[in-house]
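Protein chains: 2
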Amino acid sequence: MIDLDKVKNTIEKHQLIDLGDKIVVAVSGGPDSVCLLHILHKLINEYNIKLYVAHLNHNFRGIEAQQDAQYVNKLCDELNVMCFIKSINVPKYAKEHGLSLEEAGRVLRYLFFEEISENVGAQKIAVAHNLNDQAETLLMRLIRGTGIQGLTAIHHRRHNIIRPLLDITRRDIEDYCRFHLLQPRLDHTNLQPIYHRNKIRLQLIPALEEYNPNIVETLAKTAEILKVDSDYLDLQAEDIYKILIKKEKANRLTLPIQGINKLHPSLLIRLMRLVAENLVGKREVLEYKHIQILLHLISKDITGKSIQLPMGITVYTNYEKLIFTTETEEKVSFSYPLIRDSYTNISEINGRIRYYIINRKDDFQFPKEAFKKAFDWDIIKGGLLVRNRKEGDRFWPLGMKGTKKLKDYFIDCKIDRHKRDRIPLICDDEEIIWVVGHRISDLYKITKDTTRILIIEFEQLNNV
Amino acid sequence: MIDLDKVKNTIEKHQLIDLGDKIVVAVSGGPDSVCLLHILHKLINEYNIKLYVAHLNHNFRGIEAQQDAQYVNKLCDELNVMCFIKSINVPKYAKEHGLSLEEAGRVLRYLFFEEISENVGAQKIAVAHNLNDQAETLLMRLIRGTGIQGLTAIHHRRHNIIRPLLDITRRDIEDYCRFHLLQPRLDHTNLQPIYHRNKIRLQLIPALEEYNPNIVETLAKTAEILKVDSDYLDLQAEDIYKILIKKEKANRLTLPIQGINKLHPSLLIRLMRLVAENLVGKREVLEYKHIQILLHLISKDITGKSIQLPMGITVYTNYEKLIFTTETEEKVSFSYPLIRDSYTNISEINGRIRYYIINRKDDFQFPKEAFKKAFDWDIIKGGLLVRNRKEGDRFWPLGMKGTKKLKDYFIDCKIDRHKRDRIPLICDDEEIIWVVGHRISDLYKITKDTTRILIIEFEQLNNV
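As they're listed, the protein sequences go chains A and B. When the letters of the first sequence are read in order and numbered with this note's numbering, they come out as residues 21 to 484. When the letters of the second sequence are read in order and numbered with this note's numbering, they come out as residues 21 to 484.
Just so you know, not all the hints are guaranteed correct.
List time: in silico DSBU-like cross-link candidates among lysine-lysine, alpha-carbon distance up to 30 Å [to be verified]:
hint, chain 1, residue 1, chain 2, residue 2
1, A, Lys282, B, Lys106
2, B, Lys42, A, Lys266
3, B, Lys219, A, Lys302
4, B, Lys94, B, Lys42
5, B, Lys282, A, Lys26
6, A, Lys33, B, Lys26
7, A, Lys241, B, Lys219
8, A, Lys282, B, Lys26
9, A, Lys282, B, Lys94
10, A, Lys247, B, Lys302
11, A, Lys219, B, Lys282
These are computed hints drawn from the structure, not numbers from a lab.
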């Protein structure tokens with residue numbers, strides 16, 4: 021039987037209820053939720069709380085579901101508690117949203133509870149998970165594979181959701197219902213298509229009781245102990261997140277590699293998960309194996325190397341930084357012939373370019389702008405064009421002793437990988453004559469023999 | 021079948037072997053250890069290692085045990101590895117030391133391995149635990165009840181003990197033995213009285229495989245992930261231990277309560293366990309429930325309240341400090357009549373005391389020493405004695421408005437609880453006239469009417 025003090029102890033230890041709270045109680049009509057309502061009802065004066073009941077008719081079972089609703093309604097009448105009942109087509113919603121029946125049921129339930137909660141101005145939503153649910157969840161997670169966070173199983177409180185019966189065994193709840201002649205309906209969950217959990221409950225737990233008769237309590241205790249550690253690790257990671265992570269754009273976070281290298285892997289995986297949560301809303305998408313891949317990427321120290329993580333997250337190193345982004349890298353590619361004395365638009369990078377030719381005069385002065393350069397016109401072979409880089413491009417930077425791969429030149433200039441495709445290259449029929457914004461080719465520079473001068477000007481229309 | 025690269029990957033990831041190591045390989049003759057020896061033998065040149073085999077005859081199975089030893093000896097001959105075989109009576113040792121056969125076997129095995137290791141100057145001892153052992157151990161700990169540390173199960177390396185096969189399944193090991201025609205002996209562990217583990221292996225793991233066919237790998241992976249977190253938490257706790265813990269004596273550690281109050285419970289339990297390890301050599305003696313009791317003690321902020329923890333550890337608060345000690349508090353109790361002009365020894369506290377009487381003169385000066393005081397001799401009723409405190413003692417401290425409980429006086433003076441019994445009290449037939457080292461009684465002070473002066477001197481013979 022349930023000792024009321026035990027429930028109160030849970031409530032106080034985990035600060036589930038504040039004096040004066042309005043609480044929406046989720047009641048299916050099964051033993052757990054009926055017991056929860058009955059117990060909270062006993063505590064109304066002590067905590068000065070006001071209760072509201074929310075019952076969702078899942079429409080899985082036709083007439084029986086109607087009877088569940090009637091039962092809950094009657095119970096609320098007896099207890100003088102306001103009752104909200106909503107009927108909803110779970111299979112339809114599941115189909116429409118591509119969810120399993122179980123997932124759809126959960127989504128709709130919590131949407132409904134939140135809706136009632138908002139309507140009545142409630143601070144809390146009480147749900148009836150018990151100690152056996154706790155143990156079963158830990159086992160399910162363990163069997164599926166998980167880390168410490170998964171093993172912490174169900175929490176006594178998460179935001180406004182509270183679970184006052186989480187320390188009470190199912191057996192005690194059933195005894196309580198019998199003692200108080202509550203006659204709850206058959207537990208809905210037994211009839212919901214959560215076959216896996218039922219198997220754990222009906223087969224695995226009894227098998228484990230042969231090894232330890234108190235296996236349910238033992239597992240629940242383990243979940244509780246692990247939660248303390250898990251909470252601490254999360255707090256540590258959140259502190260470090262605030263210090264290290266910089267949000268450059270909505271979908272682009274950076275963190276300094278130097279900071280990462282000092283971090284213990286335990287924190288690093290959590291940090292990465294917080295990044296994932298920020299980018300795609302789900303921290304679970306990053307698993308331990310992804311972290312190992314990331315560590316490998318960092319240790320290699322190769323700028324520009326990127327890896328693809330789940331949910332469209334791309335990570336790449338960029339000199340001292342590790343960059344996480346969900347930007348879809350639209351491949352930029354352009355190539356336009358230039359027309360003398362006219363502007364040529366490069367819409368891909370929102371810029372334009374023109375060239376003209378002047379005769380050399382004694383008072384010729386080199387243009388001082390980064391985006392305006394002078395070349396020896398008589399060396400140009402064929403027509404001029406502007407394009408972005410291609411595989412194998414080479415280039416002879418002004419002042420150097422020979423050509424080098426354009427890629428290496430970009431690396432030397434520490435140009436972000438994702439910017440490289442957007443840099444215009446001015447070419448004649450044979451060579452790159454100018455990497456716009458950077459150097460011109462040594463081969464085309466003005467010499468004492470130059471008589472006709474080619475001037476090329478690039479103009480950025482606005483910052484992209 | 022075992023991919024040799026997989027074992028090498030384990031060796032390198034966990035830094036199990038350094039180039040040039042001498043390694044003692046524990047070989048029972050079963051598939052695991054035979055495979056381990058065979059694989060390490062293949063790696064001799066690559067790691068420049070030297071192998072020695074240690075085989076312990078447990079004497080559980082008579083003739084079969086002899087055959088095991090012969091088999092191991094023959095295998096070592098073939099591989100040209102030096103083999104040490106020792107026969108020992110495990111049941112006898114178990115009986116003599118009050119251990120289970122399993123415990124005794126483990127103690128003796130590792131003693132033997134360490135002995136060989138020392139003799140040959142080996143850096144490492146290789147043992148043959150595999151991935152299935154890992155999964156089984158995690159389950160055993162989970163069923164028994166544990167925290168994160170227990171769930172990290174078996175470690176790839178602990179001090180000089182290394183486990184190169186810990187990432188390899190039992191099935192792969194057996195395949196390897198068949199492929200290399202090694203014909204290992206029946207695995208000893210199946211015949212050792214470790215019934216519980218065999219049941220886990222033969223019944224529980226197959227049952228869990230119905231839920232997840234890769235349950236062994238999944239559980240081993242969980243152990244590995246949890247180890248990362250557990251290691252981090254341990255490191256954090258060790259750092260804090262160094263900062264907060266003060267070792268006052270070999271069996272007495274203190275930590276500031278202010279420091280504790282700021283600590284997250286996750287670190288606090290680890291800190292307490294490190295204290296326990298320092299005091300009694302075993303950190304596991306402190307469980308989560310003990311920490312909760314400790315937190316309660318601290319929150320109450322009662323100086324002098326003590327609690328008893330396992331293995332004779334006493335904890336009590338003392339003003340700003342929490343004191344952990346294994347000191348057995350020998351109850352001090354003494355009472356001696358004083359003799360005029362003679363020393364009375366108080367052996368219990370290693371002090372002596374005497375008194376004498378002088379006539380008042382105009383140039384009388386009050387003694388300035390803490391342990392020498394003057395009283396009005398004519399107020400003394402009956403004889404003088406020195407004793408330590410008893411329940412109910414009251415006292416009128418000089419300058420105060422009336423009597424108070426001696427206990428309260430001690431508390432006001434912030435006198436350590438364990439020191440209170442050792443403070444001499446000088447009494448006449450009715451009253452405490454002096455709390456030695458502290459105040460005299462207001463009732464016995466020298467007044468303008470005093471004619472004869474009682475001088476009492478206490479002398480500490482050496483510091484206790």
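Verify the proposed pairing of lysine 219(B) with lysine 302(A), using a straight-line Cα cut of 30 Å. With Cα atoms ~39 Å apart, lysine 219(B) and lysine 302(A) exceed 30 Å; violated.
Holds or violated: are the alpha carbons of lysine 33(A) and lysine 26(B) at most 30 Å from each other? 48 Å, violated
Lysine 42(B) paired with lysine 266(A) [C-alpha distance capped at 30 Å]: Outside the cut-off at roughly 49 Å; violated.
Going straight from one Cα to the other, do lysine 241(A) and lysine 219(B) come out at no more than 30 Å? 24 Å, holds
Pair hint outcome, lysine 282(A) versus lysine 94(B) [Cα-Cα no greater than 30 Å]: Violated, at roughly 50 Å.
Starting from lysine 282(B), check that the Cα of lysine 26(A) is at most 30 Å away, please. Judged against 30 Å, a Cα distance of about 28 Å means the pair holds.
Measure nothing beyond the straight line between the CA atoms of lysine 282(A) and lysine 26(B); if it is 30 Å or shorter, mark the hint as holding. Since the Cα atoms of lysine 282(A) and lysine 26(B) sit roughly 28 Å apart, the hinted pair holds (cutoff 30 Å).
Given the hinted pair lysine 282(A) and lysine 106(B), is their alpha-carbon gap at most 30 Å? Roughly 47 Å separates the two Cα atoms, so the pair is violated.
For lysine 247(A) and lysine 302(B), compute the direct alpha-carbon distance and say whether it is at most 30 Å. 24 Å, holds
So if I understand the rule, the pair passes when the alpha-carbon distance is 30 Å or less; does lysine 94(B) with lysine 42(B) pass? Given that 30 Å is the threshold and the Cα spacing comes to 21 Å, the pair holds.
Regarding the pair lysine 219(A) and lysine 282(B), is the alpha-carbon distance no greater than 30 Å? Violated, because 44 Å separates the two Cα atoms, which is more than 30 Å.
Against the hints set out earlier in the document, violations occur for numbers 1, 2, 3, 6, 9 and 11.
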